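What follows is each chain in one-letter form.
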Amino acid sequence: MSQQEILEKLKNAIEETDNDLAEEAAKEAVAAGIDPMVAVNEGLSKGMSTISELFDEGEVFIPQLLLAAEAFETAMGVIFGDLSDEARRKASQGKILIHTVQGDIHDIGKNIVKTMLSAGGFEVIDLGRDVAVEEVVRQAVENKVDIIAGSALMTTTMPAQRDIIAVLKEEGIRDQFKCMFGGAPVSPEWVAKIGADAYAETASGAVAKAKELMAEIRK
Amino acid sequence: MKINMDKWARDIIEADEVKNLPILFFPCLALSNKGVTEVVNDAQAHFEIMEKVLSTFPKMIGAMTGMDLTSEAETFGCNVSFSDTEAPHATNEVVFDRASAESLKVPSLQAGRGPVFVKAAQLASQNITDRPTFGGMLGPYSLAAVLMGIERTLKASIKDKQTVHIVLEKCTEYGIAYAKAFKEAGANGILIAEPTAGLLSPKQCDEFSSKYVKEMVDAVQDEEFFVVLHNCGQTVKLVNSMVSTGAKGYHFGNAVDMVDVISQISEDYLVFGNIDPSRVLNEGTAELIKGTTKSLLEKMKPYRHFVLSTGCDLPPEISIANLESYFEALDEFNKDK
Numbered sequence: 002m003s004q005q006e007i008l009e010k011l012k013n014a015i016e017e018t019d020n021d022l023a024e025e026a027a028k029e030a031v032a033a034g035i036d037p038m039v040a041v042n043e044g045l046s047k048g049m050s051t052i053s054e055l056f057d058e059g060e061v062f063i064p065q066l067l068l069a070a071e072a073f074e075t076a077m078g079v080i081f082g083d084l085s086d087e088a089r090r091k092a093s094q095g096k097i098l099i100h101t102v103q104g105d106i107h108d109i110g111k112n113i114v115k116t117m118l119s120a121g122g123f124e125v126i127d128l129g130r131d132v133a134v135e136e137v138v139r140q141a142v143e144n145k146v147d148i149i150a151g152s153a154l155m156t157t158t159m160p161a162q163r164d165i166i167a168v169l170k171e172e173g174i175r176d177q178f179k180c181m182f183g184g185a186p187v188s189p190e191w192v193a194k195i196g197a198d199a200y201a202e203t204a205s206g207a208v209a210k211a212k213e214l215m216a217e218i219r220k
Numbered sequence: 462m463k464i465n466m467d468k469w470a471r472d473i474i475e476a477d478e479v480k481n482l483p484i485l486f487f488p489c490l491a492l493s494n495k496g497v498t499e500v501v502n503d504a505q506a507h508f509e510i511m512e513k514v515l516s517t518f519p520k521m522i523g524a525m526t527g528m529d530l531t532s533e534a535e536t537f538g539c540n541v542s543f544s545d546t547e548a549p550h551a552t553n554e555v556v557f558d559r560a561s562a563e564s565l566k567v568p569s570l571q572a573g574r575g576p577v578f579v580k581a582a583q584l585a586s587q588n589i590t591d592r593p594t595f596g597g598m599l600g601p602y603s604l605a606a607v608l609m610g611i612e613r614t615l616k617a618s619i620k621d622k623q624t625v626h627i628v629l630e631k632c633t634e635y636g637i638a639y640a641k642a643f644k645e646a647g648a649n650g651i652l653i654a655e656p657t658a659g660l661l662s663p664k665q666c667d668e669f670s671s672k673y674v675k676e677m678v679d680a681v682q683d684e685e686f687f688v689v690l691h692n693c694g695q696t697v698k699l700v701n702s703m704v705s706t707g708a709k710g711y712h713f714g715n716a717v718d719m720v721d722v723i724s725q726i727s728e729d730y731l732v733f734g735n736i737d738p739s740r741v742l743n744e745g746t747a748e749l750i751k752g753t754t755k756s757l758l759e760k761m762k763p764y765r766h767f768v769l770s771t772g773c774d775l776p777p778e779i780s781i782a783n784l785e786s787y788f789e790a791l792d793e794f795n796k797d798k
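Heads up: the protein sequence lines correspond to chains A and B, in order.
Residue numbers 2 to 220, in our numbering, belong to the letters of the first sequence in order.
Residue numbers 462 to 798, in our numbering, belong to the letters of the second sequence in order.
Calculated from the structure, these hints are not laboratory results.
Here the structure is a predicted model, which is why all the values come from computation and not from measurement.
Note that the Cβ used here is the ideal one computed from N, Cα and C, for glycine as well.
A portion of the hints provided could be inaccurate.
In silico DSSO-like links for lysine-lysine, alpha-carbon gap of 27 Å or less [what the hints assert, rightly or not]:
no.	chain 1	residue 1	chain 2	residue 2
1	B	620	A	12
2	A	47	B	620
3	B	622	B	566
4	B	622	A	12
5	A	47	A	212
Computed, partial: chain B to chain A, Cβ under 10 Å [to be verified]:
no.	residue
6	550
7	611
8	620
9	623
10	661
11	698
12	729
13	738
14	739
With the C-beta cut set under 10 Å, the calculated list includes, among others, these residues of chain B facing chain A [unchecked claim]:
no.	residue
15	547
16	612
17	627
18	704
19	705
20	747
21	748
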């Protein structure tokens, strides 16, 4: 199979939300010695872009998006499985720590954003759901991330986003990280009020915002 | 007390004034010395808050039990976390695969906290006789998503449909029994909260939600018992599916423009919505709340079957002052009509 055919297979696997096909195509990409970033950018991410566009247009719904994300993550695991951290970093658009804030167990939105960010070329560290503020900050420092991204799905858990900013300030490290937040009750006004750097309404919007933040960091 | 609910709905449609039924319960705890934990475990305390809601906001056209969306899942075996300052939430799942779906037992209606809400509705129907009482409950797909975990349920709705259907049949069996208990207790209707169905495609919504909601509607709805189906998701493409349930009322969240949904629903049904509980009613200033409410009311002028409401259940932290702004906006709009 030619490189082009393998890339096409990777793209189709995501568009068809076929986890087994994604794993098979990823193994073929590794066996053929395709550059991992080419496999991602010319194969998987193109498939994810199709799904993302159809989702934004209301033609694809959350269940399909979740399965596409699952297939994407499976293929990524195969493609990047043996690469060193250094190689991953070089291939990355930036490093993002993502989480759902303390007290909040809703993580579908966060998981979708995580996949979209990965598809957008970011290295994403997922702390999961219901993560304590101190843990978010500790992991951000330890992993030397560029961006802290968080989701809150309840009005009662939104204050944890404010607390993250407060702890970063208290520790004198606020300027080391860009902070972006989202979630159903979160608004641009809230994000501005707590002194965070960006708000995103949708998963695809989060990728665009993350790229803008990285451009600011790399100025 | 029995009420002809068809007439109740017709009167609303024919009235000159726009009517108002927000999903309002927990914010009025601030007017009492009770916390969330007490009122979701004690029928008398729950009823007292229902009364407090109406004495504070007498323009509400119905009494409603608080939307504790965990009691059904808890009765099925989920653990629930309680706090005095927020609505309870389930903390674990009990269905992981086909085997656990098959072994899931449909609980007795006497088990768990369901009887608390049924009893509260009974007290309300006996003591609040000038307007109908509604019981709040979770829809079948939303309950299945709590029992299985939302992400697992959504994925299985494509990859392992049979497991989802097994759980849905059990949720529907319990839901019908719960709805009948509200009816037998004297409630005049129920509000079925089915938000998770808002994440599905129209075809999936037909298959995994509306089919089962229709079974519930068919089991209880009649001239004296009114079913409102609530879905606060992105429902513009799901309206036909929702209406296929036969419910006589549809309640929408702030994810949609009300014009886009109400324009798809005939004037034979009541359509409720959709002031944003978070960005407007919780975070907003009096000016923003009034402006947003009046703007919605203006847009809804061509639709006589519109009933002003909130886009979802209101969390406890919303201030009474903010709610007063919302009610004042409707009063001012109706006076200016």
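A quick look at each hint next to the structure:
no.	hint	in the structure
1	B/620 to A/12	holds, 20 Å
2	A/47 to B/620	holds, 23 Å
3	B/622 to B/566	holds, 19 Å
4	B/622 to A/12	holds, 26 Å
5	A/47 to A/212	holds, 17 Å
6	550	holds, 7 Å
7	611	holds, 6 Å
8	620	holds, 7 Å
9	623	violated, 15 Å
10	661	holds, 6 Å
11	698	holds, 6 Å
12	729	violated, 27 Å
13	738	holds, 8 Å
14	739	holds, 4 Å
15	547	holds, 5 Å
16	612	holds, 6 Å
17	627	violated, 18 Å
18	704	violated, 19 Å
19	705	violated, 18 Å
20	747	violated, 16 Å
21	748	violated, 14 Å
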